[in-house]
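J.: Sequence:
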Amino acid sequence: MTQKSETDPKTRITIRDCSIINLPQVTDPRGNLTFIEGGRHLPFEFKRIFYLYDVPGGAWRAGHALKNCHQFLIAASGSFDVILDDGRERQRFHLNRSYYGLYIPPLIWREIDNFSSGSVSLVLASEFYDEQDYFRDYKEFSKAVGGIAL
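Following this note's numbering, the residues of the sequence shown are numbered contiguously, the last one being 150.
Treat the hints as calculated values from the structure; they're not laboratory data. Cβ atoms here follow ideal geometry from the backbone N, Cα and C, with glycine treated the same way. Keep in mind that a hint or two might mislead.
Derived pair list, reagent style DSSO-like, types lysine-lysine, alpha-carbon separation capped at 30 Å [as the list claims (entries may be wrong)]:
| hint | residue 1 | residue 2 |
| --- | --- | --- |
| 1 | Lys-67 | Lys-143 |
| 2 | Lys-47 | Lys-143 |
| 3 | Lys-67 | Lys-139 |
Ranges of calculated distance between the beta carbons of each label pair, as one might list FRET restraints [claimed, not checked]:
| hint | residue 1 | residue 2 | range |
| --- | --- | --- | --- |
| 4 | Ala-144 | Gln-91 | 13 to 23 Å |
| 5 | Gln-25 | Gly-146 | 36 to 46 Å |
| 6 | Gln-25 | Lys-143 | 40 to 50 Å |
| 7 | Gly-31 | Lys-143 | 43 to 53 Å |
| 8 | Gln-25 | Phe-50 | 20 to 30 Å |
| 9 | Asn-114 | His-64 | 13 to 23 Å |
| 10 | Ile-20 | Tyr-53 | 35 to 45 Å |
| 11 | Asp-81 | Arg-48 | 17 to 27 Å |
Taking the hints into account, I'd like the entire structure generated from these sequences.
T.: Rendered as structure tokens:
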């Protein structure tokens, strides 16, 4: 398998490396169940789980890219939009069900907006928190991935 690179245009990570992943569903008249097992349902092992909640109307979150960390976002409750950007192309994903999520590999800029009232964004991450793993400035991110100004 060819390793993805942030600088080689033939192997650089792009929006096409992001994907919606359906999770197992156990349906039952008393209520449904969805689960995620490490090493089975995601293309990475997760080390950290966090969630966003009580996001005020009109607010947005994220606004960063990660250098090494893979993430998987789920709308555990309600809905929201995730805008992904690889430095050359942008794409918006609407998440509104708890039985699927959005896989985001490293080196993809992400922003989250359009939160519904009471929404909860559940995030599984491949790495422990490390501030040094973040690009928080879009121009710095774009330069690192050989992007163009969008």
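J.: Which numbered hints are broken by the structure, listed smallest first?
T.: 10
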